[in-house]
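Got chain L; can you put chain Z on it based on the hints?
Here the protein sequences come in this chain order: L and Z.
The first sequence lines up with residues 1 to 355 when you count with my numbering.
The second sequence lines up with residues 1 to 355 when you count with my numbering.
Calculated from the structure, these hints are not laboratory results.
Misleading hints may appear alongside valid ones.
Listed below are the simulated EDC-like cross-link pairs for lysine to aspartate or glutamate, each with C-alpha atoms no more than 16 Å apart in a straight line [unchecked claim]:
id: 1; chain 1: Z; residue 1: K55; chain 2: L; residue 2: E174
id: 2; chain 1: L; residue 1: K34; chain 2: Z; residue 2: D344
id: 3; chain 1: Z; residue 1: K55; chain 2: L; residue 2: E253
Distance ranges between label pairs, derived from CB positions [as the list claims (entries may be wrong)]:
id: 4; chain 1: Z; residue 1: P18; chain 2: L; residue 2: V211; range: 36 to 46 Å
id: 5; chain 1: Z; residue 1: P18; chain 2: L; residue 2: A315; range: 30 to 40 Å
id: 6; chain 1: L; residue 1: E67; chain 2: Z; residue 2: G140; range: 15 to 25 Å
id: 7; chain 1: Z; residue 1: Q137; chain 2: L; residue 2: E67; range: 25 to 35 Å
id: 8; chain 1: Z; residue 1: L279; chain 2: L; residue 2: K42; range: 23 to 33 Å
id: 9; chain 1: Z; residue 1: R179; chain 2: L; residue 2: D344; range: 54 to 64 Å
id: 10; chain 1: L; residue 1: P13; chain 2: Z; residue 2: E213; range: 39 to 49 Å
id: 11; chain 1: Z; residue 1: P312; chain 2: L; residue 2: P312; range: 34 to 44 Å
id: 12; chain 1: L; residue 1: A178; chain 2: Z; residue 2: G183; range: 51 to 61 Å
id: 13; chain 1: Z; residue 1: G335; chain 2: L; residue 2: E65; range: 50 to 60 Å
id: 14; chain 1: L; residue 1: S210; chain 2: Z; residue 2: K42; range: 53 to 63 Å
Backbone N, C-alpha and C define an ideal beta-carbon position, used for all residues, glycine too.
2 protein chains.
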Amino acid sequence: MNEHHPHDISGGPVCPIPISDYPRVLLAHGGGGKLMHQLIGKMFLSLFSHPELQKQHDGAVFTPETERLAFSTDSYVIHPLFFPGGDIGSLAVHGTVNDLAMCGARPRYLSAGFILEEGLPMETLWQIVQSMHAAAQQCGVAIVTGDTKVVDRGKGDGVYINTAGIGMIEHEQEISPARVEAGDALILSGDLGRHGIAIMATREGLAFESVIESDSAPLVEPVLALFEAGVEVHCLRDLTRGGLASALVEIAESSGWNIHVEERAIPVREDVQGACEILGLDPLYIANEGRFIALVKSADAAKVLSVLQSFPVSAGATVIGEVEAKQSHRVFMTGRIGARRIVDMFSGEQLPRIC
Amino acid sequence: MNEHHPHDISGGPVCPIPISDYPRVLLAHGGGGKLMHQLIGKMFLSLFSHPELQKQHDGAVFTPETERLAFSTDSYVIHPLFFPGGDIGSLAVHGTVNDLAMCGARPRYLSAGFILEEGLPMETLWQIVQSMHAAAQQCGVAIVTGDTKVVDRGKGDGVYINTAGIGMIEHEQEISPARVEAGDALILSGDLGRHGIAIMATREGLAFESVIESDSAPLVEPVLALFEAGVEVHCLRDLTRGGLASALVEIAESSGWNIHVEERAIPVREDVQGACEILGLDPLYIANEGRFIALVKSADAAKVLSVLQSFPVSAGATVIGEVEAKQSHRVFMTGRIGARRIVDMFSGEQLPRIC
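Okay, chain L solo, but in the shape it has when bound:
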């Protein structure tokens, strides 16, 4: 197992499982007996204190507040577990919360499934659980049901986390590639590439002039503000694995419409651009964890920009392209020197275990 590089959380609450008794996770912590109940009762329930979770039943029961609900899941296998700007715990909350936001939903409930590797330092788990808790509070979601498994040493990589989420859809709009129309404005919520570069730099031990932090953040507030402002939103997509390019190709393929992007309109920080050149990476394909695109009715583009720019997480929102009046399921980019080219998904692997 690799050593972890946790953030400094000195001054935080002491690990509720006595480190002197159980410095590391044992197989028995997943075995259904006393140790598992101690881990769940003392560590998870000490923070994730929702009444439904306290029941320690086989599941949570809730009453939806809206007619339509969104449901999404992601597993998180990021390596390393801690990185500048976040860790697997906050990422596991932000990622699923953002997927719900991309469905136009207000995230409300999360499940948390932990797969722990035997030997994981208990203190590391405690830091991750605290980080999940803080992120969930920030996002207004409750962790209401969960599961803990332990796999033998060498059959995991510290910890994998799955979260599934349920959100409430408080408006009447349908958010889907099928709603994309010719003329729609393509809006990007901010600069690209920081999450992927932060992970790669940490993993490879690269030092740049300044530390590049992940953009990992919840996108709920700006997205819900769009609906509250009465904007006609056609499609939303967060730019995780595969980056902007893959998201655009997916939408073009699903909707049928061609999408055109202006390369020079895409914000990439200078230090990120420099790191990309050193690492041989293209910022268009790099994973972000706090960025999204919105395809909106063109008449609403100015209003969308003004709403998004009023939130710190999307202060850099900008129009980067539009949907063309042609249907060949493709993405085109006009480059910095003016040439127009097709944008495709990448075929090999760019950055494994980025989320």
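Here is chain Z on its own, set in the frame of chain L:
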């Protein structure tokens, strides 16, 4: 990676990812590019063909049919992946579906999160996916959203699966340890120990006179039939990790009431009992994947038995004890020779990676 021992599914549909091109899972299958989209599009969507999943959006949108919903999750890390009576795919459906049933809900939607190890034979994944599909169809649930991650060779164990599920609660009863009352009848749905023994025998290469198959099965039908029959159900619990003993201790601790069990009333098959003796295991603590207990109003016990016995999966239902009129949060068992003892959770590990 250990070799797999798949069931014979000859005659089934051919793996939709050409084995000659991709005999094994690559890191790029989780990278967000073309290979991941091919895997999702050709393999997962070829079977999990729900309209919401076909949208390939960040999540699924649905409209609940009832006022109250249940939400549950489990990760499955069972070793080996294939065992007599099931595999990780069917188990990942049955397990979560059963957790929803234990909340008194009709399971409707599942998410599926795959964590694949680089090098997993594509054919193995295909068999697991087919098994999930068949199990989901049998249970009347739709897999509507999912996620695929790939971890490097040696950082997984073939495949881990998380499922989260949403179920509809079609009645007014609250199912919870808090509803348990003195005098409640304790009913067990059938014989104990087959899942755990099937796994241990496969893992250790033990051969008994006959193959002991896992009891892995969905419990939805008998449970929902109880509500349809108008029975007053107080608490339900499936007997997975930790077995009958841990489930009883959990309920006694949560409800406060003492629970009394008659050991000789607990059905254990002779071959399972024999295997337990050889392996030094106690059937009370062994995981089952198709067994549950119901704590019901004593006046309804006969009706509960008659409903449960009408379904093959719970044909062996029988009363094994009752809730005593004392509140010291404990479980007592009267043994075969008449002595009364306290039943506790086990402290160490009995069977790791049983589910």
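Practice item. Would you pick out the hints that fail for this structure and give their numbers low to high? Key: 5, 11 and 14
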